[in-house]
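Protein sequences appear in the order of chains S and C. The first sequence begins at -12 in the numbering used here and counts up by one. The second sequence begins at 420 in the numbering used here and counts up by one.
Don't read these hints as lab results, they were simulated from the structure. Just so you know, not all the hints are guaranteed correct.
[Unchecked claim] List time: in silico DSBU-like cross-link candidates among lysine-lysine, alpha-carbon distance up to 35 Å: (1) LYS494(C) / LYS60(S); (2) LYS498(C) / LYS488(C); (3) LYS529(C) / LYS(-2)(S).
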Amino acid sequence: MNNESNHFSDKIIITNILNGKIQDFAIVVKNTEKLVAQIVRKMTTNEDDHKDLVQDIYLKAYQNLSSFQFKSKLSTWIANIAYNTTVNYLQKKKIPVTDIENSIENKFIVTENPEFETIKKETMKMLAKELDKLPPLYKTLITLYHLEELSNKEIAEITNLPEGTIKSYLSRARKILKDNINYHYKNEKL
Amino acid sequence: MKSEHFTDETLQEYLLKEIQDDNITSHLTVCSSCWKKIEEYQYLIDNVREIKAETFSFDVTTVVMEKIKNAETLKEKNKNTVLYMILSSVTLIALYLLYPYIKIIFTQFKLFSTMANVFMLVSVLGIVIFLLNDLFRQYKQKEILLTQ
Ligand SMILES: [Zn+2]
Chain S
-12 MNNESNHFSD KIIITNILNG KIQDFAIVVK NTEKLVAQIV RKMTTNEDDH KDLVQDIYLK
48 AYQNLSSFQF KSKLSTWIAN IAYNTTVNYL QKKKIPVTDI ENSIENKFIV TENPEFETIK
108 KETMKMLAKE LDKLPPLYKT LITLYHLEEL SNKEIAEITN LPEGTIKSYL SRARKILKDN
168 INYHYKNEKL
Chain C
420 MKSEHFTDET LQEYLLKEIQ DDNITSHLTV CSSCWKKIEE YQYLIDNVRE IKAETFSFDV
480 TTVVMEKIKN AETLKEKNKN TVLYMILSSV TLIALYLLYP YIKIIFTQFK LFSTMANVFM
540 LVSVLGIVIF LLNDLFRQYK QKEILLTQ
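Okay, chain S solo, but in the shape it has when bound (with noise of 0.2 Å):
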């Protein structure tokens, strides 16, 4: 229900933008800026080129947007461009999109005992400095599993993988995670 009536408002949205009215566009940017950020964001950490990105993403939305098919949701179909122009970006400064050498190797800060009321707030820390330190491509799919909640299906129209592989890139990723914060523990203790 609430899925057709997205489909329904973005059609009204997409037809008025193709007639000419350009101004509407900032509605698709503004329903669809939370999940490009997440997606920019964990695939490069270079803030540099975030502008730069982000203005390529909408404008090759807004140029293409009379293929859009409304076979996906409109914010699928945006996700997507934004993670192939952010892989392009990553191949062409030869960053590595899934190389997972760095991750497995354990580079901790260790925290001094932390106060039980911030030991909450350190966890979080040491997560999103765990997460930080996995490949762009697992960083991603983490989040777009676990923080924006989205299914396999639609993660694999983002990103053009087989749910296969998203499936066994996400358990990866998991464990990968939970051995680096139970080894953090274990070294806190010591």
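Assemble chain C with the ligand onto chain S, guided by the hints.
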């Protein structure tokens, strides 16, 4: 009795309810090591969900709309340039083809007095300027209507 342990992948799938398997459920009641893993994954997932969503340091809408408007202006300019080029080539070709006839018309002017020629020239120029001005005003009005 202790059967084989389950893989991390299977335990995750079980935890995320992607699979349902009574064998795992019963195994977990007797196997502390698999149970510990389930708890650790649960802890991880609970915390990952609470990580703050990423945002940009700039206003996305402003930045994007600026880019799109620039692209549109450029497209419009290019379209106009092409239009002007086609128009001027057509005019040049027409002038070239009509040259013999134009020459005949101009020889006719020699028959009139200078005053009559100046009068004709001024009238024609006046009409042309009036028409061009009108055309321009209509174009501006349409532009305003379109961009509203
Ligand atoms: Zn077991």
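Hints, verified against the model:
{"no.": "1", "hint": "LYS494(C) / LYS60(S)", "verdict": "29 Å, holds"}
{"no.": "2", "hint": "LYS498(C) / LYS488(C)", "verdict": "15 Å, holds"}
{"no.": "3", "hint": "LYS529(C) / LYS(-2)(S)", "verdict": "68 Å, violated"}
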